[in-house]
Amino acid sequence: MRLYVASAGTGKTHALVGELLALLRQGVPLRRMAAVTFTRKAAEELRRRIQGEVARLSSASWAEEAQREVYGAVFTTIHGFMAEAIRHTAPLLSLDPDFTLLDELLAEALFLEEARSLLYLKGLDPALEESLLALYRKRSLAGAFRALPGAEGLLELFQEVLSGYHRRTREALGPGDLEALALRLVEHPKAVRRVVERFPYLLVDEYQDVNPLQGRFFRVLEEAGVQVVAVGDPKQSIYLFRNARVEVFRQALGEAKEVLRLGQTRRHAQAVAHFLNRFVERFFPESERVPVEPLRAEEGRVEVHWVVGEGPLDRKREGEAALLAERLRALSGQGYAFSDMAVLVRSRRSLPFLERAFRALGVPYVLRRGQSFFKRPEVRDVYHALRLALLEGPPSPEERISLLAFLRGPFVGVDLGQVEEALQAEDPLSLLPPEVRMRLDGLKTLAGLRPLEALKALVRDEVFLRRLSRRARANLDALLLLAAEERFPDLEALLEWLKVRAEDPETSELPEGGEGVQLLTVHAAKGLEWPVVAVFDLARHEGGKPEPVLVGIDGEVALEGTEGYRNLRRILARAQEEESLRLLYVALSRARDVLILTGSLSERPGPWAEALMDLGLGPGDQDPLVHRHPLAGLPPLPSPPLLPEPQPPAPYAEHRIPSKRFPPVFSPSAYRKGEGEPLALSQALEAETLPEYPRALGTLVHYALARNLHPGDEGAMRALLLQEVALPFSEEEQERLLAEVRLLLWNHRRMLGEVLPALEDREEDHAELPLVLPLGGTVWYGVLDRLYRVGGRWYLEDYKTDQRMAPEHYRLQLALYREAVRRAWGVEAEGRLVYLRHERVHVFSPEELQEALLELENTPGILSQGLEPDLL
1 MRLYVASAGT GKTHALVGEL LALLRQGVPL RRMAAVTFTR KAAEELRRRI QGEVARLSSA
61 SWAEEAQREV YGAVFTTIHG FMAEAIRHTA PLLSLDPDFT LLDELLAEAL FLEEARSLLY
121 LKGLDPALEE SLLALYRKRS LAGAFRALPG AEGLLELFQE VLSGYHRRTR EALGPGDLEA
181 LALRLVEHPK AVRRVVERFP YLLVDEYQDV NPLQGRFFRV LEEAGVQVVA VGDPKQSIYL
241 FRNARVEVFR QALGEAKEVL RLGQTRRHAQ AVAHFLNRFV ERFFPESERV PVEPLRAEEG
301 RVEVHWVVGE GPLDRKREGE AALLAERLRA LSGQGYAFSD MAVLVRSRRS LPFLERAFRA
361 LGVPYVLRRG QSFFKRPEVR DVYHALRLAL LEGPPSPEER ISLLAFLRGP FVGVDLGQVE
421 EALQAEDPLS LLPPEVRMRL DGLKTLAGLR PLEALKALVR DEVFLRRLSR RARANLDALL
481 LLAAEERFPD LEALLEWLKV RAEDPETSEL PEGGEGVQLL TVHAAKGLEW PVVAVFDLAR
541 HEGGKPEPVL VGIDGEVALE GTEGYRNLRR ILARAQEEES LRLLYVALSR ARDVLILTGS
601 LSERPGPWAE ALMDLGLGPG DQDPLVHRHP LAGLPPLPSP PLLPEPQPPA PYAEHRIPSK
661 RFPPVFSPSA YRKGEGEPLA LSQALEAETL PEYPRALGTL VHYALARNLH PGDEGAMRAL
721 LLQEVALPFS EEEQERLLAE VRLLLWNHRR MLGEVLPALE DREEDHAELP LVLPLGGTVW
781 YGVLDRLYRV GGRWYLEDYK TDQRMAPEHY RLQLALYREA VRRAWGVEAE GRLVYLRHER
841 VHVFSPEELQ EALLELENTP GILSQGLEPD LL
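Residues 1 to 872 (the working numbering) are what the sequence shown spells out, left to right.
Among these hints, one or two may not hold up.
[As the list claims (entries may be wrong)] For each label pair, taking beta carbons as the anchor points, the in silico distance ranges come out as: (1) E578 / G393: 50 to 58 Å; (2) D621 / Q270: 20 to 28 Å; (3) L481 / L92: 40 to 48 Å; (4) E44 / P285: 28 to 36 Å; (5) G27 / L572: 44 to 52 Å; (6) D621 / G555: 39 to 47 Å; (7) E563 / S287: 29 to 37 Å.
Derived by calculation from the structure, the hints in this document are not laboratory data. Note that the coordinates shown come from a computational prediction; the quantities given were computed from them, not determined experimentally. Positions of the beta carbon are idealized from the N, C-alpha and C atoms, including for glycine.
Make a model of the complete structure from these sequences and hints.
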């Protein structure tokens, strides 16, 4: 292996791209190379870099060949490359090469479903689910697990669940499944030879993030003849929670045939580079030290600020946040834009202190990467409300949690003291106040809606929305957009989706609009840089509860409470301590010009604070970089602005507005056609949401008819599939949809000049006219498909793609449309239904349509009331 060891900002990816270009100049075609890295985002960046460099190559024959191949070359993630290798060798592994890939969360959800089923069938403790999932997530550490004393039963149960999971997924593979198959591949000599022949050159970026199974995969390929070039920085190995182990890089470092070190940095100013060298010299082994040599002439600066004195730690953190906000305001006055600044934290629990201080002092900020919006209070409130929609009988313990959250949340907002007695009862529902029971009963109506409509009804609840901030409403809008991309078969599937996504550490909160200082965790800052970087809350400790089961790097499995667990826990604790220093190094190395560190003096300093003290930069040290700030001398934050005095209620506020037969705004299609009974509002919403295929068919046909598109025009027909309604369908479904659209359009063409006036005979012709008709206390809205005049006579047509002709269902709809035309334009149009599938026209007499309007309201003379209609 040819291995580059690089420090932050020294051009790791640039070196890798240089290696690829060198291979191209040697005559190696791109199709014989693969370039891989850790995350999808990094892989896309690597792809763009390589494509840009290849596009700038000379016109030599090898360069032209590379430019032809670059967009199909294998630049992907490590898992993506494993999938490519497995496809090439699938028959040798008794696998269908056309397997599909599952994302990590979906694969985990399927495993959990199998685990829950097995635990239920065996009558075992449901709490074992957590231990089984932990083992599933740790499969990347070893090819096989080995139970330490006390863990034999759990490991046996895990293998049984894993077998059921594999039967369920069959040819669908998650990331862990890919790694397991890659191990099978490297144990099959013929399969390995095929991979070597296909990819004799392999370039690996971010090698410090490789897990043990991936490392073994790369080593076997190298031993079999693949020329591997890898770049990485062991000081930036910070994905222990994802099974990345710095030991894999260290092993490669010890075995590499050639080691190159990158030390020149174009990122850091002089002071920042010297500080990084000081940090690396103190905390990292000699083999991993690569002193950086700054190529920039700017001096830059480094500051370390400590808040000291008596007082609670959180009070000091408040002062620390205010101090940092003031420093950033001062830097903005020196020419640094707020958008050029970032504040990095170890834990999201530090962010509220920053947000309060920045708001109080007027420093604009953006949460670049906040808590997952699936975990936000407003989203969890929606989740709990949806769970209660399915409640039948006395609530289970989990449903009691949802009930508690619903009662205290913004949907109801009761004082829990008022319902304490009810919550302690076996069946609390009957003991709740009447108004609360009414809210709960309202939730049950959601169970009859389609999942997306139920979710929409909840997040548009007026009482709920009035109590939410702008950020909370933005998160709920994002939730609706994400849910709309899914096709949930039922409400239970929607609930499971919300639950699983809430556990995803990669799902970020939507950033606020505008620009400002970026607030984010160190993990989210990996690969980024800013002119000004502050590291906040050095005193913070790493949190987290103990795991019920631990897995060692050699596959040892130990249960909590056993001797083996204690031994593995000590090993893991040492690994976490080392990673904590690497995490701090990543934070420090994001700064280009100015690096500011802030901490609060504590009797129990966190690992970052201890590291600064070890460097001689603690609150008691005399280094010129250190600044001490007594808590008593820090001014308090300005008080938040007072809320305006509430205005007295309007004199009519207490009056009840009686409900009317129809909502204030209504559509004819939301009326139960042929039965003369209006739908309830929730049913009306559902009635307007047709099944996806018929809705898409109707939309495309009406669009084509309005524009007189010819069904023989292949370009125009294909363009219809670019409509949003066609996008959710598979290619096969789209072809079926397009064929049916063509059929109906040809039918319409045959009707023209026969049962319908020809287009050229029409004196006036209007397609898709929006209308608004105030009538009987309701505003009716809709779209006229076609209104045209022939020989001085007006025709109003509505196109139907129905399988069955039932004109009586549309009598009221045509009556309302005809009345709108009569009032707006003063013309009497003949109302007609055009059944495209049957090539038939049904004409309503004026008397039939007038009768439909009279039946709409019992009050005589209602048609003379209301405002004038409008054809928009």
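*Kindly confirm whether 20 to 28 Å is satisfied by the beta carbon distance between D621 and Q270.*
22 Å, holds
*If you check the beta carbons of L481 and L92, does the distance land in 40 to 48 Å?*
43 Å, holds
_Status of the given 44 to 52 Å range, CB of L572 versus CB of G27_ = 48 Å, holds
_Range first: 29 to 37 Å. Now tell me if the beta carbons of E563 and S287 are that far apart._
Hint holds: Cβ distance 33 Å, inside 29 to 37 Å.
*asked:* If I claimed the Cβ atoms of D621 and G555 lie 39 to 47 Å apart, would that claim hold in this structure?
replied: 45 Å, holds
*Please test the hint of 50 to 58 Å on the beta carbon pair from E578 and G393.*
52 Å, holds
*Taking the beta carbons of E44 and P285, is their distance inside 28 to 36 Å?*
33 Å, holds
Checked against the numbered hints above, the structure violates none of them.
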